[in-house]
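A.B. asks: Residue-level listing of the chains:
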Amino acid sequence: MIGFIRLADRLSGWFGKTFAWLILLMTFGTSYEVFVRYVLNAPTPWAFDMSFIMYGTLFLMAGAYTLSQGGHVRGDFVYRLWKPRTQAAVDLVLYLIFFFPGVLALIITGWKYSSRSWSYGEVSINSPAGVPIFQFKSVMVAAGLLLAIQGVAQIFRCVLCLRTGEWLRAEKDVEETEEALIHQREQELEQRAHS
Amino acid sequence: MTDPQVALLMLGLFIFVVFLGFPIAFTLMAMGIGFGYFAYFDGDRMWRAYNRLSETAGAWDQWSDWIAGFFNNRIFDLFINQTYTVMSNEVLTAVPLFLFMGYIVERANIVDRLFSTLNVASKNVPGSMGVAALITCALFATATGIVGAVVTLMGLLALPAMLKARYDKSFATGIICAGGTLGILIPPSIMLIVYAAASGVSIVRLYAGALLPGFLLVGLYLIYVVGRSILQPSSAPRPTDDEVPDVPLGRVLWMLATSFFPLAVLILSVLGSILFGLATPTEAASIGALGGILLAVAYRALTFQRLRESVYLTARTTAMVCWLFVGSYTFSSVFSYLGGEQVISEFVTGLNLSPLAFLILAQLIIFLLGWPLEWSEIIIIFVPIFLPLLAHFNIDPLFFGILVALNLQTSFLTPPMAMSAYYLKGIAPPEVQLTDIFRGVMPFLLMVFIAMAIVYAVPDVVYYLPNLVYGR
Amino acid sequence: APAVLAQAPVVVKMQTSWPASDIWMDFARQYVVAVEEMSGGRLKIDLLPAGAVVGAFQVLDGVNDGVIDAAHSVSSYWYGKHKGASFFGTGPVFGGSATTMLGWYYQGGGQELYRELTQDILGLNVYGLFGFPMPAQPFGWFKKPINGVADIQGIKYRTVGLAADLMQQMGMSVAQLPGGEIVPAMERGVIDAFEFNNPSSDLRFGTADVATNYYLSSYHQASEAFEFLFNRDFMDDLDPDLQAILRHGVDASAASNTYFALDNYSADLKKLQEQLGVTVYRTPKDILAAQLVAWDALIETLSKDDYMRRVMESQRAWVERVTYYELMNAADLGLAYNHYFPGKLAI
Ligand code: NA
Ligand code: NA
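Chains as they are written, first to last, in the numbering used here: chain A, 1 to 195; chain B, 1 to 472; chain C, 1 to 347.
No lab work stands behind these hints, which were simulated from the structure alone.
Computed from a prediction, not measured in an experiment: that's the story for all the values here.
Please note: incorrect hints may appear among the correct ones.
[Stated by the list, open to error] So the derived list for chain A, only partly shown, Cβ under 10 Å to chain C, looks like this:
1) Leu-40
2) Pro-43
3) Pro-45
4) Thr-86
5) Thr-109
6) Lys-112
7) Tyr-113
8) Arg-116
9) Ser-119
10) Ala-129
11) Gln-135
12) Glu-175
[What the hints assert, rightly or not] Quick list of in silico lysine-lysine cross-link-like pairs, DSSO-like style, CA-CA up to 30 Å:
13) A:Lys-83 x B:Lys-425
14) C:Lys-304 x C:Lys-144
15) C:Lys-143 x C:Lys-44
16) C:Lys-270 x C:Lys-344
17) C:Lys-144 x C:Lys-271
18) A:Lys-172 x B:Lys-425
Beta carbons: idealized from backbone N, C-alpha and C, even for Gly.
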């Protein structure tokens, strides 16, 4: 069970982080558009399509990664006061009945939707450049698959927590500046207490 | 049960489940799909087919087709359509770019330089360190669209300095919490992009409209800090020459130029190009991100490690915001399909409220929601409930949005979910208690309400810039 | 939802591609009124603006999937699925007006070609009908006056369908946006110039705030008509008389839309000129000539596709015969107008 959780975390993390680099492409690509459009008066016909395709791919593919890192916002003002076991019990039920219908729809209906788009080689309507978007529509299927795998891992996490009374956290990853600074401070205080 | 009653049940159940703490994006998705399944379920047709099959003693594959019919509900298509709408949303493309810019600039050691310079420059003003901290926060707010980092960076930098200078604990922490929260109000703010995507108001008008109210709030904060320092000098003693050295004016100006100038160029090129319609917000954000990278390089603060952190954090935060949209688009189209929007609107119009009473009621609800919830949930889920009512009361969604943005400053400061206070508590010395922080924050909440009242009384604070730039 | 009573009306969820405030919502409402009155209350149309269920450009997907039952739109909004879509509204102008081309659709073989495209080629689950033949569309709104082809090079311009390919061919940089997003896009700097369709929509979008030079007359969209889309299963399930009402309602609305448009478009043009300081021009002749040359190039490219070649052959044959009659027969209305209102026309 732990093995599967670690595998799912790594899988989600790998995809999320790899596609995260699209932000650099977006930055340079859109900056290039700004240059040719405003300085050379020769806008590209593809920059706009590229930017939303990269944005959409980035956030979809990062969905499972964010889930594994506990990054999806929760209204957790009550939740965080509970014992881990209570949290796990509630989460387990909600993952089973709330999480999977949508994720399966992403995979199954998303497949139907995008294969229709593949069948006529759909292109973007935003410009006459004809930037393909059928592959972009398939990203939701990929994102759904990653979420499904991560969702199973989250269920395992709940089961594990019900047994041990403790959450199995994801392995250490990048942290928000504020979290990193807070952790650093906690460690300092701990060290001071020990010495 | 009629459809509109089902819609209200949907909303009630949603609020209940939010309290259970399940990730909200997926809660919204589940509610949308579950209730949408009901809304789109064609019982009549299934019943007719059932009768036909049982009369003709249908073959097994006919029956399996019939069973498959239960999985062939249109809600799934609607959900996929809404997901694609979020994927191809032009306004939201600016979100990752502005986040990236913010994460890069956070890591560029700009806050330290700004604060130490302003600290020297403002030495002779009452409450000088508080003033320096607030101005640092306000300037930094024009380069980042999120909170968090500013509060902790300032908490590590300015708070120890203020405590050392014998500032009152709660006064000092209040300043940092309130100042550090400005990033989400002053453009480029992620919150305003999200409001634009939720309401359809032009994002550039929102940016133009939020600028003066943002600075108005900073001004009120400064008045409070300076005023209290004058009336109660013991809460903010003048720093000794040890703590803040006396520096000749020429040197002060030079320090200001070097620490402030690059940031100013970045800010002006980003905000300026948006406000004057020279570039789209997405384009300006990309220039901002590129400029942030160059600035970090110039300050020798850019390592591959920091770049990687920024990239990953951008992906995570973008995913957080945009999956919330995937859920809420589905939720709200089912909600209005069932007639929920209509019921709420009939109920509210039936109350015979005056526009002012409605406005106050709406803002009060948003303020109260800000205690347990965070801005993203409030804007993406709850504000859209008010939006369709605005026309009835003749309230401009732009104006409403600015009031909401001001109002939501308080959501970071009010318990139980007071993110700014928690961040600060996380890095503050152990003798600083959460109660100190909350006590320190109270007067700033009052300033937010005063700012809202001024904006209401003098709408030109909102409209002056948009009218100047875009006419009408 | 379940539990539909026997005598309850059939509710048609119809979404448009227009923002709630656009005059075209009024046009769609004329269809709604006609259908509801003719059906004696057996049909009820729930008319929704763009974005209520799906986005303005996604109504075809929505109707196909049955998320909405019907849509009020234009075919060029889905030309990303097949450029051939654009021939039913925004195709080459061989000389026919929108009425001429509506005639082609119902009498000249267009309907069968449309069926082939949507059902055989794309495999969609929809029926389509065409209504209101629109007056030719203005070249549009510019921040600065334009005096010829040189002045439009590199300009970022909004239009849709094959008109986008046409303008690109002429050296413009083209973006396609739904109507409701045009003026905000202009404010944001996404585009520098645009056309939508008509003076009334332009007035309601607040166009005069972002540009004041308005150019009438153009060959980029001279023959468009509203596209009415219906989900096939939904339509097939209806009683034959209700199907007929939904179909003939399109014809009825084409007529009432026309009268309504003439009144509103002309009054709003006057308002733009007299109250909002808009300068109205006829598009410079060399731009019009360049448009025809650009169409030539496009026709050649598009002809490489067998389906599109057949559509164009069919349209050409129709226009050659019908418009010959129309033009030979037409009274010189300009002459008469000048006679009674001398000096007003600046053509
Ligand atoms: Na900001
Ligand atoms: Na709060």
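A.B. asks: It remains to establish, for every hint, whether it holds in the given structure.
C.D. replies: Hint by hint, here is what the structure shows:
For the restraint placing Leu-40 of chain A at the interface with chain C, the shortest Cβ-Cβ distance is roughly 9 Å, inside the 10 Å limit, so the hint holds. A cut of 10 Å between beta carbons decides the hint on Pro-43 of chain A: the least distance to chain C is about 4 Å, and the hint holds. For Pro-45 of chain A, the interface hint holds, since its Cβ comes within 10 Å of a Cβ in chain C; the closest pair sits about 6 Å apart. The beta carbon of Thr-86 of chain A is not positioned within 10 Å of any beta carbon in chain C (closest approach about 36 Å), and the interface hint is therefore violated.
This hint holds: Thr-109 of chain A has a C-beta 9 Å from the nearest C-beta of chain C, less than the 10 Å allowed. Against a cut-off of 10 Å between C-beta atoms, the interface hint on Lys-112 of chain A holds, since the closest Cβ of chain C lies about 9 Å away. With its C-beta approaching chain C no nearer than about 8 Å, Tyr-113 of chain A sits inside the 10 Å limit, and its interface hint holds. At about 8 Å, the closest approach between the beta carbon of Arg-116 of chain A and any beta carbon in chain C falls short of 10 Å, and the interface hint on this residue holds.
Satisfaction of the interface hint for Ser-119 of chain A is found here, the shortest Cβ-Cβ separation to chain C being roughly 7 Å, below the 10 Å cut-off. This hint holds: Ala-129 of chain A has a C-beta 8 Å from the nearest C-beta of chain C, less than the 10 Å allowed. A least Cβ separation of about 14 Å between Gln-135 of chain A and chain C goes past the 10 Å threshold, and the interface hint is therefore violated. For Glu-175 of chain A, the shortest C-beta to C-beta distance to chain C is roughly 34 Å, which exceeds 10 Å, and the interface hint is violated.
The suggested pairing of Lys-83 of chain A with Lys-425 of chain B holds, with an alpha-carbon distance near 22 Å, which does not exceed 30 Å. With a C-alpha separation of about 38 Å, the suggested pairing of Lys-304 of chain C with Lys-144 of chain C is violated against the 30 Å cut-off. Of the supplied pair hints, the one linking Lys-143 of chain C and Lys-44 of chain C is violated, its CA atoms being roughly 44 Å apart against a limit of 30 Å. Straight-line distance between C-alpha atoms of Lys-270 of chain C and Lys-344 of chain C comes to about 13 Å, which keeps the hinted pair within the 30 Å bound.
Between Lys-144 of chain C and Lys-271 of chain C the alpha-carbon distance is near 20 Å, which keeps this suggested pair within the 30 Å criterion. For the hint pairing Lys-172 of chain A with Lys-425 of chain B, the CA-to-CA distance comes to about 22 Å; that is within 30 Å, so the pair holds.
Of the hints listed earlier, those the structure fails to meet are numbers 4, 11, 12, 14 and 15, in rising order.
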